[in-house]
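> As given, the protein sequences belong to chains A and B, one line each in that order. Going by the numbering used here, the letters in the first sequence line up with residues 1 to 312, in that order. Going by the numbering used here, the letters in the second sequence line up with residues 1 to 551, in that order.
Bear in mind the hints are in silico, worked out from the structure with no lab data behind them. Among the hints, erroneous ones may be present.
[Claimed, not checked] Heads up, simulated DSS-like pairs for lysine-lysine below, C-alpha to C-alpha not over 27 Å straight-line:
id	chain 1	residue 1	chain 2	residue 2
1	B	LYS419	A	LYS52
2	B	LYS488	A	LYS51
3	A	LYS52	B	LYS535
4	A	LYS283	B	LYS222
5	A	LYS135	A	LYS194
6	A	LYS117	A	LYS223
7	A	LYS186	A	LYS172
8	B	LYS419	B	LYS189
9	B	LYS17	B	LYS103
10	B	LYS222	A	LYS186
11	A	LYS51	B	LYS103
12	A	LYS172	A	LYS88
13	A	LYS283	A	LYS223
14	B	LYS488	A	LYS52
15	B	LYS179	B	LYS279
16	A	LYS227	A	LYS283
17	B	LYS489	A	LYS51
18	B	LYS528	B	LYS539
19	B	LYS528	B	LYS189
20	A	LYS51	B	LYS539
21	B	LYS279	B	LYS528
22	A	LYS52	B	LYS528
23	A	LYS248	A	LYS223
24	B	LYS489	B	LYS14
25	A	LYS172	A	LYS92
26	A	LYS52	B	LYS337
27	B	LYS539	A	LYS52
28	A	LYS51	B	LYS419
29	B	LYS535	A	LYS51
30	B	LYS103	B	LYS179
31	A	LYS196	A	LYS227
32	B	LYS337	A	LYS51
33	A	LYS117	A	LYS196
34	A	LYS135	A	LYS117
35	B	LYS528	B	LYS488
36	A	LYS132	A	LYS117
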Amino acid sequence: MDPNGTLFFPEQGSTIASEVDLLFHFVLYLSIFFFILVTGGSFYFAWRFRKKGEDQFTPNISHNTSLEIFWTVIPTILVFIIFIWGFKTYLKMNVTPANSMEVNVTAQKWFWTFGYKEGATTTNELVVPVNKSVKLLMSSQDVIHSFFVPAFRVKMDVLPNRYTSLWFEATKTGEFDLFCTEYCGKGHSEMIGKVKVLSDAEFASWLASSSGPSDLPPAEYGKELYKSKACFTCHSIDGTPSVGPTFKGVFGRTEELTDGSSITVDENYIRHSILEPQSQVVKGFQPVMPTYQGVLNSQQIDALIAFLKTVK
Amino acid sequence: MSVAQGVNYLNEDKSLKSWLFTLDHKRIGVMYLFGVMTMFLLGGIFAILIRLELLAPGPDLMTADTYNQMFTLHGAIMIFLFIIPAIPAALGNFVLPLMIGAKDVAFPRLNLASWYVYLLGAGFALFSMLAGAADTGWTFYTPYSTTTSTSVISMTMAAFILGFSSIFTGVNFIATIHKLRAPGMTWFKMPLMIWALYATAVIQILATPVLGITLVLLVLEKAFGIGIFDPAMGGDPVLFQHFFWFYSHPAVYIMVLPGMGIISELIATFSKKKIFGYKLIAYSSVAIALISFLVWGHHMFTSGQSELAAMVFSFLTFFVGIPSGVKMFNWLATMYKGRISFEAPMLWALSFMFLFAIGGFTGIMLGAISLDIHFHDTYFVVAHFHYVMMGGTVVAFFGGLHYWWPKIWGRMYNETLAKISVILVFIGFNMTFFTQFILGSQGMPRRYFNYLDQYQPLHAFSSYGSWVLGLGFIIMAFYLIHSLFRGKKAPDNPWGALTLEWQTSSPPSHHNFDEIPDLDHDPYDYDKLMVVDDKLIRKNGQSEKKETTVN
Ligand SMILES: [Cu+2]
Numbered sequence: 001m002d003p004n005g006t007l008f009f010p011e012q013g014s015t016i017a018s019e020v021d022l023l024f025h026f027v028l029y030l031s032i033f034f035f036i037l038v039t040g041g042s043f044y045f046a047w048r049f050r051k052k053g054e055d056q057f058t059p060n061i062s063h064n065t066s067l068e069i070f071w072t073v074i075p076t077i078l079v080f081i082i083f084i085w086g087f088k089t090y091l092k093m094n095v096t097p098a099n100s101m102e103v104n105v106t107a108q109k110w111f112w113t114f115g116y117k118e119g120a121t122t123t124n125e126l127v128v129p130v131n132k133s134v135k136l137l138m139s140s141q142d143v144i145h146s147f148f149v150p151a152f153r154v155k156m157d158v159l160p161n162r163y164t165s166l167w168f169e170a171t172k173t174g175e176f177d178l179f180c181t182e183y184c185g186k187g188h189s190e191m192i193g194k195v196k197v198l199s200d201a202e203f204a205s206w207l208a209s210s211s212g213p214s215d216l217p218p219a220e221y222g223k224e225l226y227k228s229k230a231c232f233t234c235h236s237i238d239g240t241p242s243v244g245p246t247f248k249g250v251f252g253r254t255e256e257l258t259d260g261s262s263i264t265v266d267e268n269y270i271r272h273s274i275l276e277p278q279s280q281v282v283k284g285f286q287p288v289m290p291t292y293q294g295v296l297n298s299q300q301i302d303a304l305i306a307f308l309k310t311v312k
Numbered sequence: 001m002s003v004a005q006g007v008n009y010l011n012e013d014k015s016l017k018s019w020l021f022t023l024d025h026k027r028i029g030v031m032y033l034f035g036v037m038t039m040f041l042l043g044g045i046f047a048i049l050i051r052l053e054l055l056a057p058g059p060d061l062m063t064a065d066t067y068n069q070m071f072t073l074h075g076a077i078m079i080f081l082f083i084i085p086a087i088p089a090a091l092g093n094f095v096l097p098l099m100i101g102a103k104d105v106a107f108p109r110l111n112l113a114s115w116y117v118y119l120l121g122a123g124f125a126l127f128s129m130l131a132g133a134a135d136t137g138w139t140f141y142t143p144y145s146t147t148t149s150t151s152v153i154s155m156t157m158a159a160f161i162l163g164f165s166s167i168f169t170g171v172n173f174i175a176t177i178h179k180l181r182a183p184g185m186t187w188f189k190m191p192l193m194i195w196a197l198y199a200t201a202v203i204q205i206l207a208t209p210v211l212g213i214t215l216v217l218l219v220l221e222k223a224f225g226i227g228i229f230d231p232a233m234g235g236d237p238v239l240f241q242h243f244f245w246f247y248s249h250p251a252v253y254i255m256v257l258p259g260m261g262i263i264s265e266l267i268a269t270f271s272k273k274k275i276f277g278y279k280l281i282a283y284s285s286v287a288i289a290l291i292s293f294l295v296w297g298h299h300m301f302t303s304g305q306s307e308l309a310a311m312v313f314s315f316l317t318f319f320v321g322i323p324s325g326v327k328m329f330n331w332l333a334t335m336y337k338g339r340i341s342f343e344a345p346m347l348w349a350l351s352f353m354f355l356f357a358i359g360g361f362t363g364i365m366l367g368a369i370s371l372d373i374h375f376h377d378t379y380f381v382v383a384h385f386h387y388v389m390m391g392g393t394v395v396a397f398f399g400g401l402h403y404w405w406p407k408i409w410g411r412m413y414n415e416t417l418a419k420i421s422v423i424l425v426f427i428g429f430n431m432t433f434f435t436q437f438i439l440g441s442q443g444m445p446r447r448y449f450n451y452l453d454q455y456q457p458l459h460a461f462s463s464y465g466s467w468v469l470g471l472g473f474i475i476m477a478f479y480l481i482h483s484l485f486r487g488k489k490a491p492d493n494p495w496g497a498l499t500l501e502w503q504t505s506s507p508p509s510h511h512n513f514d515e516i517p518d519l520d521h522d523p524y525d526y527d528k529l530m531v532v533d534d535k536l537i538r539k540n541g542q543s544e545k546k547e548t549t550v551n
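Please construct the entire structure, taking both the sequences and the accompanying hints into account.
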């Protein structure tokens, strides 16, 4: 369990978290009270009025109107309070503060892409500053996914052909788990990432360095992208078959395509495969590779090509 | 007895043909019982395999694809082929006419047809299982279901067909309850089980067609590319969720209401006490049935529906909770000053009270929108609906099965083993599923093949629990099968209950009652009447047997 959390909850990482937990504990203690009343009561009666000795007739107690009204009305009042409380917090979750920083979120099988106005894009790692409200504008490229950060107590479905949004304000720096919670197929449980909360200064320098070109050598940068852009979820580099063809020895290999033609893998083919994966599909595979159009810039594609050449 | 001694519905004609063409509600109930128990076994095996895979993170037993098919099959089989028909079509079919003093249901042929439709539906489900089982979850959410390459169509057709079997049963029960009650049995003299089956039948008839239409639309989209739900073709995926839950939320009450009916019978019989607040319990069944149609949106708080819709659905959700809570208080009050004995069915009823209470309270938590946002699609929800469906309905079903077993077969089972079994199921169930509340609130999403290391201890504990649970059911299978062949002969009224099904022989003859049943008392008049060794004893001192009066 989360060492900073409680029995029921992971640590509180956002402004809304404590409010959610408070309502939960209110309902929890109320439930424990009524639970003891009902099941404790039934076990007590079971013991107290257990059959003893000879059979006897039992008293004729058919009903008691005032008692029945009492135990209908009291729970009704209590759930009404819970309803109002739950709804008020929900409204707070739904009204995005005006000065929020915006991040675009794209969900697809089976990874998350985060795009910043300044040009940086990340995969499976959402980087945000602490103590600043962040608005996520989300959409999906394929099926429905759902964005969930337990420590922030926020969740929102991510739909194809529609934007949904969500906001939060992180209250402490650190790394928090991020899950997809709408079932989306084979890689659903791998569709997880991190939210990295940085101090203001760290965030500013991160944003500046991630938005410009990289200064790593191309093949190394490509290797990093292979991991950070989630290519590894479908392509291995050690020859094991996966959702897509292995990258081992891919460069120069001759591939048969589903339309019957065959092609030798070169720079142009790779570039094409990354940007328009559905137009040339390798025989024996499903056309499930997402397009990286708009996700990878040309420097990054060059780096990936350089990297693929080294995988032997 | 007027008919030849010892001739009953089981032994009057033992040929296979006489079973396959039977119009006797009791035989159809028994055939349903075999059907649903087979499905429970199958769904249970999938459950054990799922828990085995989750014992440790990473792939252990199976691939992600297989895992996804397993939880889909587990859910679809347990819901459409086990829980929905278990109480109404299997037990209800057997006891409903007996409890109202009728010879059969109103439409015996329709009743048999519903069983064959059930078989056909099961056939489609098995076909889907063998032909690359669907991997959509039992909820079939679009656009995943319309784009996956597994055999979704045959699985949705199975659910579609099974819907008809459910509708047939519902129509039959409503007609039977309206038209075939024994003379003198007014509405408020009906046992509460009948009220529950009646309310259930209303939902079956009104909600099931919506599921049918939805699944047909899904098939049309998938097979012919007609854009209804798929946004790529101009459809709306959330529309599917609205349609689906418009059926599937009321369906929760198709599953739970009959279970509550059984519990009312068990508590009254084993407390030998007049049921407390008969009318409130009866009305609350009807209230639940009606309100349940208006709360489907609480499954969709994170789907992007408007705040206003979320507010209304949350509000109404709490109001469907109230009648369920009221029933709990009424059962409790029934036990007060009773004469309580602890045969196996009563132990099932007491576990029901315990487990269903937890299911209900966590339901209140999920009804509060801001909490649901955190819990939605995590193990918290998985735990909640297992407490309601399994801790509630399935436990009530087994309570009912043990209660009516002597009537169905004319034989008793081993009471000690039965007690061990219910206790193991109770312990195993709580180990398996209480853990999952904590897993879920800690953030563990549902339908995950793999998980982060921090969740491992709780997942492992939950899996150990599933073995205890499994052991409880294995013991049960053993003594129930043993009872079929070797069980002690059952008396007509082993529990001393006052409802009509106990006034006939065990097992009953083909026509249920050899004479018009005795209706000079209410179903729960334990203040005036008592049954000792099949003899009815009146408070004023007279004692009488069913036909001869002995002093
Ligand atoms: Cu997903």
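> For every hint, state whether the structure bears it out.
Hint check:
Between B:LYS419 and A:LYS52 the CA atoms are separated by roughly 20 Å; this keeps the pair inside 27 Å, and the hint holds. Distance restraint check for B:LYS488 and A:LYS51: the Cα-Cα separation of roughly 24 Å lies within the 27 Å cut-off, and the hinted pair is therefore satisfied. Taking the CA atoms of A:LYS52 and B:LYS535, the gap is near 20 Å; set against the 27 Å cutoff, the hint holds. Restraint check for A:LYS283 and B:LYS222: satisfied, since their Cα atoms lie roughly 24 Å apart, inside the 27 Å limit.
The hinted pair formed by A:LYS135 and A:LYS194 meets the criterion: a straight-line CA distance of about 17 Å does not exceed 27 Å. For the given pair, A:LYS117 sits about 25 Å from A:LYS223 by alpha-carbon distance, which is consistent with the 27 Å threshold. For the hint pairing A:LYS186 with A:LYS172, the CA-to-CA distance comes to about 34 Å; that exceeds 27 Å, so the pair is violated. Taking the CA atoms of B:LYS419 and B:LYS189, the gap is near 32 Å; set against the 27 Å cutoff, the hint is violated.
A threshold of 27 Å between alpha carbons decides the hint, and for B:LYS17 with B:LYS103 the separation of about 22 Å falls inside it, so the pair holds. Of the supplied pair hints, the one linking B:LYS222 and A:LYS186 holds, its CA atoms being roughly 20 Å apart against a limit of 27 Å. Between A:LYS51 and B:LYS103 the alpha-carbon distance is near 35 Å, which puts this suggested pair outside the 27 Å criterion. Taking the CA atoms of A:LYS172 and A:LYS88, the gap is about 24 Å. The hint holds against a cut of 27 Å.
Taken as a hint, the A:LYS283 and A:LYS223 pair is honoured in the structure, with Cα atoms around 26 Å apart against an allowance of 27 Å. Between B:LYS488 and A:LYS52, the direct Cα distance comes to roughly 25 Å. Compliance with the 27 Å bound is thereby established for this hinted pair. For the hint linking B:LYS179 to B:LYS279, the alpha-carbon distance of about 21 Å falls within 27 Å, and the restraint holds. At roughly 25 Å between alpha-carbon atoms, A:LYS227 and A:LYS283 fall within 27 Å of each other, so this suggested pair holds.
Restraint check for B:LYS489 and A:LYS51: satisfied, since their Cα atoms lie roughly 24 Å apart, inside the 27 Å limit. Between the alpha carbons of B:LYS528 and B:LYS539 the distance comes to roughly 5 Å, so the proposed pair stays at or under 27 Å and holds. With a C-alpha separation of about 15 Å, the suggested pairing of B:LYS528 with B:LYS189 holds against the 27 Å cut-off. Between A:LYS51 and B:LYS539 the CA atoms are separated by roughly 18 Å; this keeps the pair inside 27 Å, and the hint holds.
The straight-line distance between the Cα atoms of B:LYS279 and B:LYS528 is roughly 20 Å, inside the 27 Å bound, and the hint therefore holds. Annotation: proposed proximity of A:LYS52 to B:LYS528 holds, straight-line Cα distance about 19 Å (limit 27 Å). Taking the CA atoms of A:LYS248 and A:LYS223, the gap is about 13 Å. The hint holds against a cut of 27 Å. With a C-alpha separation of about 19 Å, the suggested pair B:LYS489 and B:LYS14 falls inside the 27 Å cut-off, and the hint holds.
At most 27 Å may separate the alpha-carbon atoms for a hinted pair to count; A:LYS172 and A:LYS92 meet this at roughly 20 Å. For the suggested pair A:LYS52 and B:LYS337, the alpha carbons sit about 12 Å apart, so the restraint of at most 27 Å is met. As the CA atoms of B:LYS539 and A:LYS52 are separated by approximately 19 Å, the hinted pair is consistent with the 27 Å bound. Between A:LYS51 and B:LYS419, the direct Cα distance comes to roughly 17 Å. Compliance with the 27 Å bound is thereby established for this hinted pair.
Only pairs whose Cα atoms come within 27 Å are accepted, and B:LYS535 paired with A:LYS51 is accepted, the gap being roughly 19 Å. Distance restraint check for B:LYS103 and B:LYS179: the Cα-Cα separation of roughly 12 Å lies within the 27 Å cut-off, and the hinted pair is therefore satisfied. With a C-alpha separation of about 17 Å, the suggested pairing of A:LYS196 with A:LYS227 holds against the 27 Å cut-off. This hinted pair checks out: B:LYS337 and A:LYS51 have alpha carbons roughly 10 Å apart, not beyond 27 Å.
With a C-alpha separation of about 18 Å, the suggested pair A:LYS117 and A:LYS196 falls inside the 27 Å cut-off, and the hint holds. For the hint pairing A:LYS135 with A:LYS117, the CA-to-CA distance comes to about 12 Å; that is within 27 Å, so the pair holds. Pair hint B:LYS528 plus B:LYS488 does not hold up; C-alpha atoms about 30 Å apart against a cutoff of 27 Å. Our distance criterion of 27 Å between C-alpha atoms is met by A:LYS132 and A:LYS117, whose separation comes to about 16 Å.
Taken one by one, the earlier hints fail for this structure at numbers 7, 8, 11, 35, listed in ascending order.
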